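Listed below are the residues making up each chain.
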Amino acid sequence: MNGNMVIVEFLLFPGLLFTAIAGLLTAWVDRKVTAMVQMRVGPPLLQPFHDIRKLFVKETCVPEGGAIGLFLLAPLLGLAAVALASMILWRALLDVEATFVGDLIVLIYLFVMPALGVMLGSFASRNPLASIGGSREVKLMIAYELPMVLAILVPVIQAGSIRLGDLLTAQPPILSVSGVLALLVSIACMQAKLTIVPFDMPEAETELSGGALIEYSGPPLAMFKLTRAMMLFTLPILLLVLFFGGLLTGPVWQRWVIGFLVWFVLVAITIVLRNTTPRVRIDQAVRFFWGPVSVVALVAVVLAWAGW
Amino acid sequence: MTKRTIVPIGPYHALQEEPEFFKLHVEGEKVVHLDIELGYNHRGIEKLSESKTFEETVFLVERICGICSTSHPLACVQAAEDAGDIPVPERALFIRSMVGELERIHSHLLWLGLAGHFLGFNTIWMWAWRFREDVLNILELITGNRNHYGMMKPGGVRRDIKHTDLPAIASLSEGLKDPIKMFRDAVVQDPLIHARTKGVGILTREMAIAYGALGPTARASNYAIDVRRDHPHAAYDKVDWDVVTCENGDVFDKAVVRILEMFESIRIIEQCIEQLKKIGGPVDSDPKFVAAGEGIGHYEAPRGEVFHYIRSDGSNRPIRHKVRAPSFMNVPTNRETVIGATVADATIILAAVDPCYCCTERMAVAVDSSSGERMLDARDLIRLSCEKTDRLVADSGLQGPSLPIER
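Line order of the protein sequences matches chains V and L. Heads up: the first sequence at position 200 corresponds to 200 in our numbering, and the numbers run straight through without jumps. With positions in the second sequence counted from 1, the corresponding number in our numbering is that position plus 1000.
Bound-form chain L, shown alone (with noise of 0.2 angstroms):
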């Protein structure tokens, strides 16, 4: 069988939860190439952001990902206070990196769950999501929401947590590490899994490099980026914890870096919480307005690096917002991983940059790739929707509505 056909993964697949669409090109079992298409779930939170105040912005941005709840508001705020050169007290700083790690614990879990489903471990799906339940309880306990926390604003974070409630978050966050290690153990012992994960998907570190792959996916390659380390934020310069790499680049690696890095996000939790106990005062300076200027923040998301940028007019609302998550830079890279594999590897390495298309969405244009024009604008699309209107008037005929578009 050498004859090629496309195996569709998209725009609505069992594989993945979002609207993306990857073509398989597959001779037989094998792929040759494959077509990354997305665009489909387009929402236009940039020009949204303009038209809010700074406030709203973050619930705007909180928006982009239900997963990433977290990264984005905090990139987002931070970009403002950089823009506004905005004090943050210090106890907000231990507020956010905690929400932060939770955050990173809980998408976590949701992936190592989704990676057992794809390979047809059903268990470990429904064993992870049972244990990121107990993560969301504690960030119940916290923020009062189980996923959209609405903490974070320019200036600190909306809730305090109250003294008396950091040993019962402690005790809960010391219950999240013999499920995480189970899980660590059921991934690194279980011979069937390294069958289907070892050796499959790799990406190099020159490849990781090159494509400017983020987080998990690019540790996984032994290029240990972070920018909580490379560009401190929040409390990350003021707790004790490492950058988990792995050498090899495989699935079996990304599995292991995110595993890992579950135990240092309990570290950092565990440090911000006795820190937490110490410093006390105000958790937001409440700004009253963003100085003009323009600003930039980072955060490590659970998938790597979100970006943000953001200008202010000195007005109360930012006149260009910018966002930039990672998964942008991490689905290109399965273009090296998957040309080569099997169909049914192929699922597997897709899923093991952990993607977040909501997150990556831009509006998508075709263009015609030797000429460099576009092929279609706005205009031929209102054409073709008249053309098709006409059509259907024609074969009914009705009469059919009166169309006074210029065409």
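Looking at chain V on its own, in the form it has when it is part of the complex (with noise of 0.2 angstroms):
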């Protein structure tokens, strides 16, 4: 593959272009079930690409003293990072032969540029609200990465390998006890890493007004907001990929047809679980993670390698 067509499937398929209009898409999957949820109407199926392209033509505008280059860098960091992730994980899932070793530590470390993206602009803002939202971005980030990378591990274990392609086609974790223990700390993970209820204290609109992201508007928040939404694509697709990637077999409709099924449940559980709960506090949360989501991790991994 020469750069031309890399540059062109990281902007266009199935890098930028594509992961945002699919993450607006499941933005608005996500609203309508909430607002079906609440009793609400809801929003149109293009309310989420009005609000964006709104945003994208609004004023620009920087916080006095604030560090400016780096708090209009920080949204592209994640949105990169994000639109590189999906690129890496379609490509596997569309030819398994097209990943690399060591694909899924970069994914990992992908994953990683969203929070950190938020973390360095809420503290390049100078403001008191954005400063405890981006303190609070590193504790939760601390907290649930420990459990994250020890889930990941298990299909990892499984399937002897750290290149995607081969876990798609080894037997799925899912099918193990370890794989399911494993899925839920990943949900639980994902949860923090969308950063939405229980976990959206960061932003927490009634505590901090926004908190790390009190600072932005026009188009570095719309990259935000955009970031947000592909992340809510993506991450489920990961954890497609980590723990039912074997049961992706069979003709290409079959798989299609599976594939969106299980990554439907998986969203459908994150949003589920965004309107059931309150925002717990940080120290909570922070207690939750190391706590009884790292032991079953543990247990998991362990499990994992005895081979159940």
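You may find that some hints are simply not true.
[Stated by the list, open to error] Stretch-level coverage of chain L by chain V, calculated; a stretch enters the list once three of its residues show a Cβ under 8 angstroms from a Cβ in chain V:
#: 1; stretch: 1117-1123
#: 2; stretch: 1192-1200
#: 3; stretch: 1339-1348
[To be verified] If you anchor each label on the Cβ, the simulated ranges turn out as follows:
#: 4; chain 1: V; residue 1: Val177; chain 2: L; residue 2: Val1243; range: 52 to 60 angstroms
#: 5; chain 1: V; residue 1: Glu59; chain 2: L; residue 2: His1042; range: 33 to 41 angstroms
#: 6; chain 1: V; residue 1: Ile108; chain 2: L; residue 2: Val1243; range: 56 to 64 angstroms
#: 7; chain 1: V; residue 1: Ile21; chain 2: L; residue 2: Leu1172; range: 43 to 51 angstroms
#: 8; chain 1: L; residue 1: Gly1044; chain 2: V; residue 2: Arg126; range: 46 to 54 angstroms
#: 9; chain 1: L; residue 1: Ile1382; chain 2: V; residue 2: Arg287; range: 54 to 62 angstroms
[Said to hold, decoys possible] Derived, one-sided and incomplete: chain L residues facing chain V with beta-carbon distance under 10 angstroms:
#: 10; residue: Thr1005
#: 11; residue: Ile1006
#: 12; residue: Pro1011
#: 13; residue: His1013
#: 14; residue: Ala1014
#: 15; residue: Glu1029
#: 16; residue: Val1032
#: 17; residue: Ile1036
Note that these hints are calculated values from the structure, not bench results. Since this is a predicted model, take the numbers as computed values, not measurements. Using N, Cα and C, we set each Cβ at its ideal position, and we do this for glycine too.
Assembly of the complex is requested from the two constituent chains, each provided in isolation within its own frame, with the hints serving as guidance.
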């Protein structure tokens, strides 16, 4: 594959443009299901697109005395990272051979970037509420990354490889005890990675009025929102590849149907969790992830090692 | 991080729907000091009231607060009735209690929804407000209005309830029970709500008494104060109901007290409907004037006791009208409950007293704490304003207005 193709893949399909559109559609699903749960009507299909388009034509205000360069570059970091992560995932899904050894490690790093972007942006914006939000984001990330990586270890141990292609062809971990435990851990961590209720304390509208993102407006804010939507689309795909990879067999249509169903169930779990829980405090979240969640993740790793 | 920073909640903040200013002095995430600044929304209601007739005054105080829009008028007409020894027909008393209790249910549901929203639990918010619509529909059936009912007048109520409407109202209020039961179970059983609200923002009984806390804020701290029972008015001494109290005084208990009170309200409404079926007669004694004298009126608003004082000189207007809303007593308890909590808890604690700022507003005066002198008066403000105009004129090079004000 030549260099130009990679750029096209990154910008159009399955990278930025595709992930953005799919992400915004997922965001619509989120908003519509949320509305149905809350006995509301909910937005029309294109509402998330209108929202993002409108933000892109709005003025960009920068805080006085903040680190302007960092402030404006921070949203790009997350956006680029998610687009790249999505591209790697989709290339593996479309062609099992088109993967490279260690791409799972790259993915883990790429999925850290959006949180890092929020952190950098919040500290660059020189606002007390933003810095509280930023420090919560740091604590939250420290809390969920450990169990997340432990959970990802389970499919890795079972397949004996850190290449996505091998994970997709191996026996699906979800059929084992350790795989189920690891999936549960991953769902909890996914909720935190997406910073949605009950783990939305970095933004906490009613506590910090937007917290980490309080100073953002216009296109940079749109990029953060877009990143969030793309994460909502991409993270369930990561879990799909990790835990249900081997189920995606048979004719093409069958693979797509199974894949879509599993993805939709994962997104639905996220949405339902978000609508049936209150926001927890940051100390409670850290205790939750380092306590029960990490223990379950460790048990899963040990079980995976023992071949369960 | 031991550097002390200020986290502002207000003057305009997503947490509160009204202008108010809580300065949280925080070290890290811990609140170490709290400044409460009110006075952004002062409207001079008491002074306005002195220029209105007794009938108009009721409409004026109804607009003190959109949520307690029966509590203020009811306290106000009781004050006028007290001042002029005006009799009230018995049927009117039951209608007053009924509208008052419906208002309590809608206010508590509104609070419950907001509390859910503050915790990030938006489903509770939407559901509570969805079922609040049913209450507003009943109120619309009875009074013709969803929120400002215009029901109270000195000597009775403005509208009678038709006998033929009573069964429909009874079945509608029966229909409120299931949603409220659902909310009770959702709050009492949800472990995450426990984690966020139990043991948070505890107001001890001693402190509730010391601060003079009122209403659900006090009752959650096991301080059974309820002016409906302690100083009977309307029909509250003619129906059977209980004062709900809780033990701990934390946010959880404040929620539980309010939810259980809604059941008591439905009980009162049901009994009022039964009584209204039996009691006929007029609903208005139609007084022509309020005799000279002074009177007080209490009503247990959803947030606590609202108090009105009226002095009449025998003319058709009050010469003094004093209003004290419950939030005036409840908001200062935040100093007891917020300090020591984290920022995350502070918001729900601030909201747990169900503050109503437009009821509470007083004119704010800045006083030097050491000398006791006023720091700014009207003359100073005019001087500052003129100086700014002068500065603008000097900077712009324009002529500017000539200011004939003495400085």
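Consistency of the hints with the structure:
Remark: the stretch 1117-1123 of chain L is confirmed as covered by chain V, as 7 of its residues place a Cβ nearer than 8 angstroms to a Cβ of that chain, reaching the required three. Figure legend: the stretch 1192-1200 of chain L, annotated as covered by chain V; annotation consistent (4 residues with Cβ-Cβ distances under 8 angstroms, at least 3 required). Counting residues of the stretch 1339-1348 of chain L whose CB lies closer than 8 angstroms to any CB of chain V gives 6, so the stated coverage by that chain holds, three being the minimum. A beta carbon spacing of about 54 angstroms between Val177/V and Val1243/L agrees with the range 52 to 60 angstroms that was offered as a hint.
About 34 angstroms separates the C-beta atoms of Glu59/V and His1042/L, a value consistent with the hinted range of 33 to 41 angstroms. Checked against the hint of 56 to 64 angstroms, the pair Ile108/V and Val1243/L passes, with Cβ atoms roughly 58 angstroms apart. At roughly 47 angstroms, the beta carbons of Ile21/V and Leu1172/L sit within the given window of 43 to 51 angstroms. Checked against the hint of 46 to 54 angstroms, the C-beta distance between Gly1044/L and Arg126/V comes to roughly 40 angstroms, which is inconsistent with it.
The supplied range of 54 to 62 angstroms is met by Ile1382/L and Arg287/V, whose beta-carbon atoms lie about 57 angstroms from each other. For Thr1005/L, the suggested interface contact is upheld, since its CB lies about 5 angstroms from the closest CB of chain V, less than 10 angstroms. Satisfaction of the interface hint for Ile1006/L is found here, the shortest Cβ-Cβ separation to chain V being roughly 7 angstroms, below the 10 angstroms cut-off. The restraint placing Pro1011/L at the interface with chain V is violated, with a minimum CB-CB distance near 13 angstroms, outside the 10 angstroms limit.
Checking His1013/L against chain V by beta carbon gives a least distance of about 6 angstroms; that is within 10 angstroms, so the hint holds. The criterion of a C-beta within 10 angstroms of any C-beta in chain V is met by Ala1014/L, whose closest approach is roughly 5 angstroms, and the hint holds. The beta carbon of Glu1029/L is positioned within 10 angstroms of a beta carbon in chain V (closest approach about 7 angstroms), and the interface hint is therefore held. With 10 angstroms as the threshold, the beta carbon of Val1032/L stays out of range of chain V, its nearest partner Cβ sitting at about 14 angstroms, so the hint is violated.
Residue-level restraint check for Ile1036/L is violated (minimum Cβ-Cβ distance to chain V is 18 angstroms; threshold 10 angstroms).
Hint check: violations occur at hints 8, 12, 16, 17; the rest are consistent with the structure.
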